[in-house]
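Line by line, the protein sequences give chains A, B, C and D. Just so you know, the first sequence maps onto residues 46 to 215 in my numbering. Just so you know, the second sequence maps onto residues 8 to 390 in my numbering. Just so you know, the third sequence maps onto residues 1398 to 1498 in my numbering. Just so you know, the fourth sequence maps onto residues 99 to 524 in my numbering.
By construction, these hints were calculated from the structure, which means they are not laboratory data.
Simulated pairs of lysine-lysine, DSSO-like, Cα-Cα distance not exceeding 30 Å:
| id | chain 1 | residue 1 | chain 2 | residue 2 |
| --- | --- | --- | --- | --- |
| 1 | B | Lys74 | B | Lys314 |
| 2 | C | Lys1485 | B | Lys52 |
| 3 | D | Lys493 | B | Lys225 |
| 4 | B | Lys225 | B | Lys57 |
| 5 | B | Lys225 | A | Lys212 |
| 6 | A | Lys212 | D | Lys493 |
| 7 | D | Lys493 | B | Lys226 |
| 8 | B | Lys57 | C | Lys1485 |
| 9 | B | Lys57 | A | Lys212 |
| 10 | B | Lys164 | D | Lys146 |
| 11 | A | Lys212 | B | Lys52 |
| 12 | D | Lys188 | B | Lys52 |
| 13 | B | Lys57 | D | Lys493 |
| 14 | C | Lys1485 | A | Lys212 |
| 15 | D | Lys146 | B | Lys206 |
| 16 | B | Lys251 | B | Lys231 |
| 17 | B | Lys226 | B | Lys206 |
Estimated spans, in silico, between C-beta atoms of each pair:
| id | chain 1 | residue 1 | chain 2 | residue 2 | range |
| --- | --- | --- | --- | --- | --- |
| 18 | A | Glu162 | D | Gln119 | 33 to 43 Å |
| 19 | B | Glu211 | D | Ala410 | 34 to 44 Å |
| 20 | D | Gln119 | A | Ser197 | 40 to 50 Å |
| 21 | B | Arg173 | D | Tyr470 | 31 to 41 Å |
| 22 | B | Arg218 | D | Cys467 | 19 to 29 Å |
| 23 | D | Leu189 | A | Trp139 | 19 to 29 Å |
In silico contact screen, one side only, chain B against chain D (beta carbon under 7 Å); selected entries:
| id | residue |
| --- | --- |
| 24 | Leu34 |
| 25 | Glu56 |
| 26 | Ile146 |
| 27 | Gly147 |
| 28 | Ala148 |
| 29 | Thr150 |
| 30 | Phe153 |
| 31 | Arg157 |
| 32 | Ile219 |
| 33 | Trp220 |
| 34 | Thr222 |
| 35 | Arg223 |
| 36 | Ala372 |
Ideal Cβ placement from N, Cα and C applies to all residues, glycine included.
Given next are the chains, with one letter for each unit.
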Amino acid sequence: MSPVATPVFFYGLSITAIVFAVAVITRRNAVHAALSLIGTLVSLAGLYLMLYAPFVAAVQIVLYAGGIMVLFLFVIMLVNLDQNLRQIQFNRQWVVGLIAALALGGLLLFVIRQGKEIFPLAYSAALPEAANTQQIGIALYGHYMLAFEIASLLLLVAMVGAVVMAKKRI
Amino acid sequence: MSQPIDTSFLDLDSKDKTFLDSTEMVLNMGPQHPSTHGVLRVILKLDGEKVLGTECVIGYLHRGVEKIGENRTYPMFNPYVDRMDYVAAVSNGLGYCETVEHLLSVEAPPRAQYIRVILTELCRIASHQVWLGTHALDIGALTPLFYAFRDREEILKIFEKYCGARLTTHAFRIGGCIYETYDGFEQDVRKYCGFFLPKLDEYEELLTTNRIWVTRTKKVGILKPEDCIALGVTGPVLRASGVKWDLRKAQPYECYRDMDFEIPTGLNGDTYDRYLVRIAEMRQSVRILQQAVEAIPSGPIMARVPKVIKPAVGEVYHSIEAPKGELGYFIVSDGSTQPYRLRVRPPSFVNLQALDTMVRGMLVADVVAVIGTLDIVLGEVDR
Amino acid sequence: MGEITTLHYLVVAAALLIIGTIGVLTRRNVVIILMSIELILNAVNLNLVAFSRLYGLEGQVFSIFVITDAAAEAAVGLGIIIAFFRNKETVNVDEADLLKW
Amino acid sequence: MLASWKSYLSMDVTPGEAGSQLWATVYIIAIVLGISLAVIAMNWLERKILAHMQVRLGPMRVGPHGLLQPLADALKLLIKEDIIPANADKLVFWSAPVVVTMTAFITFLVVPFGRTHAVTDMNIGVLFMLGLSSLGVLGIIMAGWSSNSHYPLIGSLRSSAQMVSYEVAMGLAIVCAVLLTSLPTGTGTLSMIGIVEAQNAQRTWFVFKFFPLGFLAFMVFAIAMIAETNRAPFDLPEAESELVAGFHTEYSGFRWSLFFLAEYSAMLAVSSIAVTLWLGGWLRPFANTLGGPGWDLAFSLVPGLSFLAMAAGCFLGAMRMPKIVQMRAQALGLGAFGALLALLGLVLLASGVRQRVQDIFWFVAKVACFMYLYIWYRGTFPRYRFDQLMRVGWKVLLPLGLGVLIATAIVGARQELGAAIMRVVR
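Chain A on its own, in the form it takes in the complex (with noise of 0.2 Å):
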């Protein structure tokens, strides 16, 4: 199955993902922040889909849209407090942070200008789509076994950390 308007299928989702990401760092609501950062990562789930990466794109919503933005919007509703919303939003070095951050993306776009002879243009067909989520499978359970056994144990001890620092009393 040959995919179907690529380009305007691309800049539809990466548009939409930037103009929900400048509105999670631009809304004074940190509901609404939240929420746009899920129609970021949802566009993002779709471009992975264009990249033939479908387990890293469902991963991506089980994972971060269903399970770790839950968790957010879950804290927001606890500690949503109305003065929050009168309050100031940016700090005090608010202009040397965008000063900092867009110097930053000057340079990132400076290599990006320079190095973009570097990237292949056409892609390698390597990757059938269709045992992408064995590949991934056998390479995480394989070749990258110690990995994912320490990825679990940083889970475990994320989650201990968690209960404890948001316990009352332990």
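We have chain A already, so just place chains B, C and D on it with the hints.
Relative to chain A, chains B, C and D alone:
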């Protein structure tokens, strides 16, 4: 002169506070809420889902029944009492009639007493059925409601045949009953007893051993016996806490003296025990019905009561065991045809006091279960 | 609208990274700062996946590790926010100016 | 154009695989219409079945036996005043029902109603459905938060905690089924069609595979899916007696009906997953014991015959209607409905249609069993309390799911090992 230093602004306890303590939620339950059984309004202070405190706001159904009583003659007020606990109207009438009879020092003839007992016990079953249905609905079981109402219909049919009314019956009069039983009354009651016991088993099959029901009701809304007595709680709620107190035994009225029945009591005083006690009470009511209908004597049904009821100057308090607890009437007579003061001690009103004690530290869902298990009727609470 | 190449994805990723950085550096609300960090991680992921199209599956595998990492980070971070909020009743980072409270 | 239209009909793949966008569109439209119709039918059936369980009749007035009641309700909801609470967050309030409905509907993109009857065969089909159902949670949170009212907020907090918790157990159960697909060949699949075909190849439904194990995984899923769709006895987010209506308390009219639509289509969706993963999807029952062409023919007649039986029931009902003028319209309506069913039944009996549509019938019949179970639970069970619900999710279903997963892996590996040894011995 040393002044005590006010340290409250330091908020020394803040270490124990949770993040939600600082933003405690105040939830307004009612007066228009599906499970506050009418127009009760409960203001809940919540920590997440945990209840920190409650406050009941009552009076949305206040109709000034007591004041109306002061402006009506004794027989004229009789129908009004039916409107207090409208799911157990017969009991209300019985309490009022007996109190006035005490004021007049008359006693209903034996046949009237038996008719009264039969109807009152039927009414107790009907009231408990309404309780069972609504309580189960509050906890989320839809079906018992319909089963209970289907079977209650049979009782209402007997009421209708007896006095023409189903809900607010006005069945009794001061001094006895005004209606003789209809043909086949005893037969109907006997038939009902046979019909109802299997149905009761059916309810129990649905709920008693249902795991969800048990987990939802056990250890929920525990009321200790001493708390019950301190709060003045009566009726099945008191008995479920293990206090064997039933006015039908403690100060027998009508012909309860001749009846052989037991007072079911609970052990833990939790919602499950209250459920079991009420179910057992229905069985005991059937037992009383079976005895009463066999032993019903013949004779007059009305004592000799003056045409114009003008009790002597004095006061009387008399209470009966209504389905929901002790239903008392206190009447002060100034010798005229109208009471000088009439005060009702409704069981629901007093039992409702226990709500706060029962739900502190529980979850929101338990508040609903506890309101259901207290079996309040707002008509009676607000009067 | 020509053909979409890896370069296009890189530009999008760079844009997301910079937006995330701006969020981290300028916002006061710590929850939004955490979300900006998520944006940065996502920019990284997009890069990894885009490159995996060129150089094999490792990028995708690594992006899954990044997502795992993001989950751990969010859990601990939000735990810290709750603990912080419980004590200071605020979620503004510049008010977290005591080492011990 | 027309040729490519026709050529698809002779193909044996889904429109997505065939790359036929036209047919894919047709399928999408058919599925959306079908789901809407199923929700309407479900609405009527739930009320009738629940009513009969509770010794009452249910809707009887609008149309014969209340058949038109859902339509009347839908009409009422559509023309109701559209209320947005004054302090609500308008944009989020507006988009929440859309998100919920969209996610519930998009799920059906990968549901295989038959070998060829799915929009497309995604190779991450199961994950796709899981992802969408987790996106549905967001809609519920949005609804609860944006209403700016306490009951919806509590409802949505409950809902999100509940759905996130049960998703874990659900995922484990799904992994069990996916593991089972890999047994004979060594390569499993996440594609919904692939999973059914694996069951076909292994000549067993996964619910019966490794007897208690497959069944246990199925049970874990069957319990988690009820929690996932917020239905009794796990209907705390919309617990009527506690939270009035939970997260959609402030919604009314059309928006509310979208939530209703989403709830029922989510029920259909998770039931479809259960059927696909454990009950053999579109495969007909008793394929092993009652095999052979004779039985195949007999089973292929069942769809048409069951429609004819329903039609007969309608005619009987129409005959039994009171013979009075007022009921004449109702009797005629029921008769007409029966005639429609009979017509459908006859069409289904035709041999060409029979072969192609049989799959859909078996799939829908299995899903319908689940729908009946949903109603049955609602009529029987009281509601769990929140902490108890969490206890069931984390302390019972999660360890059970993990245990079943490990046991399945061990048993499966042992079988593989045994087969390898046998090969060597031979």
